[in-house]
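Given the sequences, and given the hints that come with them, work out the whole structure.
What follows is the residue order along each chain.
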Amino acid sequence: MASLPMLPDTAPFAAEQIAVLNKVMVATTPEQRSWLSGFLAGYQAATAAPQASPAAPPATRQPLSILFATESGNSEALAAKARLVATRLGFAARAIDMADATPEVMAKASNLLVIASTWGEGDPPQRAIDFYTGLMADAAPRFDGVRYAVLALGDRAYANFCETGRRFDERLAALGGARIADRIECDVDYETRAKAWIDGTLGTLQALLAEAADADPAEPGADVIHVDFARGPAEQAWTRSRPFEAEITERINLNSSRSTAETWHVELSLAGSGITYEPGDALGFVPTNDPALVDEVLTAAGLAGDATLHAALADRFDVTTLTRLQIAEFGRMTGDAALIELGADAARAAAFIEGRQVIDLLAAAPHRLTPEQLTGLLRPLPPRLYSIASSLRAVPEEAHLLIGAVRFETHGRARKGVASADVAERRRVGETMKVYLKPNSHFRLPADPATPIVMIGPGTGIAPFRAFVQDRDATGAAGRSWLFFGNRQYTHDFLYQLEWQDFLARGALSRLDVAFSRDQREKVYVQHRLWEQRRDLYAWMEDGAVVYVCGDANAMAKDVHATLARVIADQASVDAEAAQAYLDRMRRAGRYLRDVY
Amino acid sequence: MADEKKLSRNETIKEESRFLRGSIAEGLHRAETGALSEDDTQLTKFHGIYQQDDRDLRAERGRKKMEKAFSFMARLRIPGGTLTPAQWLALDDIAQERANGTIRLTTRQTVQFHGIIKTNLRPAIAAINRAMLDTVAACGDVNRNVIATSNPYERATHGAVVALARAVSLALLPKSRAYHEIWIGDELVAGGEEEDEPIYGRTYLPRKFKIAITVPPHNDVDVFAHDLGFIAIVEDGRIAGYNVTAGGGMGMTHGEPDTFPRTGDVLGFCAPDQVIAVAEQVVTTQRDFGDRADRKHARLKYTIERMGVDGFRAELERRLGFALAPARPFHLEGNGDRYGWREGDDGLAHYTLFVENGRIADTGTRRLLSGLRAIAGVHAGTFVLTCNQNLTIAQVAPDRRPAIDALLAEYGLDGDVTALRRHAMACVALPTCGLALAESERYLPSLVTELDAVMARLGLAEDAITLRMTGCPNGCARPYLAEIGLVGRGPGTYNLYLGAAFDGSRLNKLYMKDVSDAAIVAALTPLLEEYARDRESGERFGDFVIRRGHVQATVGGNRFHADLAPGLAA
Ligand code: SRM
Ligand SMILES: Cc1cc2nc3c(=O)[nH]c(=O)nc-3n(C[C@H](O)[C@H](O)[C@H](O)COP(=O)(O)OP(=O)(O)OC[C@H]3O[C@@H](n4cnc5c(N)ncnc54)[C@H](O)[C@@H]3O)c2cc1C
Ligand SMILES: Cc1cc2nc3c(=O)[nH]c(=O)nc-3n(C[C@H](O)[C@H](O)[C@H](O)COP(=O)(O)O)c2cc1C
Ligand code: SF4
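So the sequence lines, in the order shown, correspond to chains A and B.
Residues in the first sequence are numbered consecutively from 1, following this note's numbering.
Residues in the second sequence are numbered consecutively from 1001, following this note's numbering.
Hints are supplied without guarantee of correctness; some may be wrong.
[What the hints assert, rightly or not] With the C-beta cut set under 10 Å, the calculated list includes, among others, these residues of chain B facing chain A:
{"id": "1", "residue": "Asp1054"}
{"id": "2", "residue": "Thr1102"}
{"id": "3", "residue": "Asn1120"}
Everything labelled a hint here was simulated from the structure, so no lab data went into it.
The beta-carbon is built from N, C-alpha and C at its ideal position, and this holds for glycine as well.
Below is the structure:
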């Protein structure tokens, strides 16, 4: 009888009670035990203190589709937050990546929230292109009766601010959708506004649905409410507004002293942060402005010498990016008619903004401002993202970044990138950087360690691939790997050269091709190497390789894309359209991944 | 000979190289490194190509996660040193597009490019080839560029010695097709099984081999510094034949007194049509008798020391099948160049341009590179390189002189240069030379400026004294044949040698050891003061210091380290 259930010594009873209970238990049949457990459950339910009930008690769970289009994950994170709020409100909410959706399916949704960012020069995020194209096509399905609202993410520093969100909004209306709330267009400091809008819009939706339910009670198919206590996606402990202060343990300019470029390899200690990342993720960095530039801005606004204001501007305000809104606002503030006029003329304002910054505006029309006016004019300082260049499996509790120093001259003024120059010029080993994790679940090593990978990453685009190769080296992954790297000069700009040599020798990297543009008269870029290697490259693709592209979005990613299409057309002897379709299939299968900026 | 001793590593590399191929072609395609394999870097020398790295950058490279800043030096083979203006323009293009933007004239009458990175190497060599030039055997254990006196103003003899230099060079060129396969041809010619090197054999020579031809009274080639020399004996305006010298060389190693510079011995006289046979048989003798175990003793000069001059001559004559005639008398005057305009015996004019340390670059107002490019654009004659790292704009018709003069003025190339600077020469050394112990090319100009001030103060501004500096004891600027020789010992330190003959016939001798750069002027000033005060009429500085007992005369290479002042040891 030893196998019969016995209360352990640790059970929450006194020793004599345990003895008595065990005496009884030993004698029970399975049926008796089963009855007893049911009885105890009922007893418990009947005698429990009354629980807090959900805020709104609709009788049915309404479906809600939260469709997001993202490149760097902001929209995705907002969609996850919206889902959490909606679930609490009693919606059966799903967050759906536009990459996995089709207009046909979404047209059947009853309630639709669209969260979309804008990229490139007003383009949708890369993974959302199929959906976007389908929706814009003449053959797009009708969205009659679909209740929807659009949250647009963007950056006012770009000419086509929130273009993608605007287009979705207009198109859904044209296709018969019922807009339940005005679109919101969020700038880089979107968090608070976006959250308020989500709360408000879901509240509106809930009210609308409640009205409808009163008119036509009990929608068929709606099931009995179950309070969903499941948590939303685990939230990151550290955020842009509450970043982790990571100590800088190493900081090296990888370019030679003869180089025209400066690319900083920075090693950060994550010890104590609890941050765990995967290769492909990025860190957000909350920079500090150049104090000299802050001085200039303060001086131009007639506020020189205000130490408190200096500190605020240095840490919290964007003192570089110039927007049309700011021109208009500055005009209003100062009553400067010329500025008001300029701010009202989109084309002229755009021309003025080109190559100019806040300081140019202040200098162009000197006016004394109050501290409040100045801070009212400035946007919050947005963090910058950097691909993590290391793997925790190789360097536990560390994250390495590779940061290209941005320096240029426009309109006779030497300019520096806010974040990159902060690292290049002001941070020292032993000091810290404010960071938070920015996961990128769409730019990951293949699940199967045997899958071959092709990595195309010129310039700082090499960063995540160092993470990939480190990771595959640490895990002993069997898959072949091929890296295409490019930069200006072989001798002076070959980032991580010794490490690649080592990885090649160890077999963690199978193949390396490089393109250095300034070593000879003819410019040579990675796409030229792709073309030269087209036979093998296509063979790798046919073998199931995942092709990754990282780095410059403007020229490089486009040229590489076009070249990949040419490679396919040439090797498969198909026309351009079929080659494009091949790449599209790869993209849909998650085998053509881009992380470009 | 060295039968029992272990062969040097290079012998195996050569043996296994399939006639100088090694794995160079494969190495050129490896993207992750700017270098070639160590063994292959020995083989590229035979193709005129040296792997180097920028030593100025060494310290930072590892920390920046980059290998050494590798690049290649390519040395041309230009026997006799004459180039057409079109060739000059082609070289200028190559320097801009594929190398570091400068052209370096060498102490052996040719051109070097520095800073060619691996990916530019094939395009550079191919471009050199398109200019009807090559780098074959410019380095390596073979006969190198054959040099000849630059005396275009004696048209017939100059023509004859340049033609001879070319013929000798051609006769001793390696026959392997490896060069064309690797650097020029697109497809590989068969693997070399059928090839043979009738003169050299599979393992070529034990060491480098150098030939110089001089036309007295000029000794600009420093005929006694080379393994093999031919001194033209001009009788009645035509070359009757050549005195043959053998066993010259400069290189030595600090602290190893069994290595030493040596002036060649005059072996005898041969007729013009015997020159090639003599050259071939001196080469085969060295091939068979040279030391293949210890590269520091492998040059012909040590072979001759071992065999004795007579023994060597006997072996040579046995191979030739004839005896050399007794040497004929000759008279040498100096080993420098003659600058500025000179009328030639054919009515054409020739302008010898001073090129400081051979470096053709635009520096300040002296825009050598651009200037020579401009001159090459209008010049109808030739360019003749000299063995003192200078260049002669040769064969200028009288009516073309003003145009050349105008360009020389325009590019700041007509200014006066002091006699001391004109007779000064430095080897390349830092940052490209892997063997340099001290600065040379980058330092000598400022040292000369300091010494010039002393010379001017002493009224010696017009007096020529030969001054040569090298960054190490290998002796690339032939410092042991300079009246003042400075040889690098370590960063900022030099050994000071005195007492060579102005005409290049006598080696100098160690006068002071480990002189810091800051102390050089102070070390020389009292000697120059004494010279200014006490010299006899026409007496050369090199002879003066011997007469006054500052150093003893070096009578032969094997006495170079002997007869030092008390307390001095080599
Ligand atoms: C460019 C040049 C010096 C110059 O400033 O012009 C030169 C430069 C070098 N010489 Fe030289 N040698 C040059 C004339 C000489 C001379 C002078 C001569 O031949 O009239 C000598 C002394 C004569 C002799 O051969 O003994 C000379 C004796 C050496 C030696 C010592 C050889 C020996 O047997 O002792 C070495 C080192 C070696 O071979 O191991 C050497 C090695 C070198 C190398 C290739 C260094 C190396 O082996 O890694 C130097 C390349 C430096 C660079 O960055 O360019 N070089 N070298 C000369 C090129 C001549 C040419 O066009 O072929
Ligand atoms: C997902 C992601 C990953 C990224 N990963 C990396 C990475 O690994 N490494 C990395 O270095 N960067 C990376 N970036 C880019 C990085 O986030 C910053 O954008 C970059 O460092 C510039 O920031 P900054 O603050 O220094 O410059 P800013 O102050 O933001 O200035 C940049 C702006 O200056 C202007 N500008 C720049 N150059 C010129 C010019 N020549 N002429 C005129 N105007 C010019 C442009 O308007 C540009 O937008 C990534 C970006 C994203 C989105
Ligand atoms: C390379 C690049 C291009 C961008 N182009 C635009 C643009 O044209 N218009 C705009 O409003 N925002 C633009 N943005 C800003 C993004 O839309 C904004 O950062 C957004 O928060 C990203 O959201 P996501 O992470 O969901 O993609 C751009 C950002 C980057 C880095
Ligand atoms: S003498 Fe020495 S330092 Fe100068 S170039 Fe020759 S090998 Fe180099």
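Do the hints match the structure? See the list:
no.: 1; hint: Asp1054; result: holds (8 Å)
no.: 2; hint: Thr1102; result: violated (15 Å)
no.: 3; hint: Asn1120; result: holds (6 Å)
Hint violations for this structure: number 2 only, all remaining hints satisfied.
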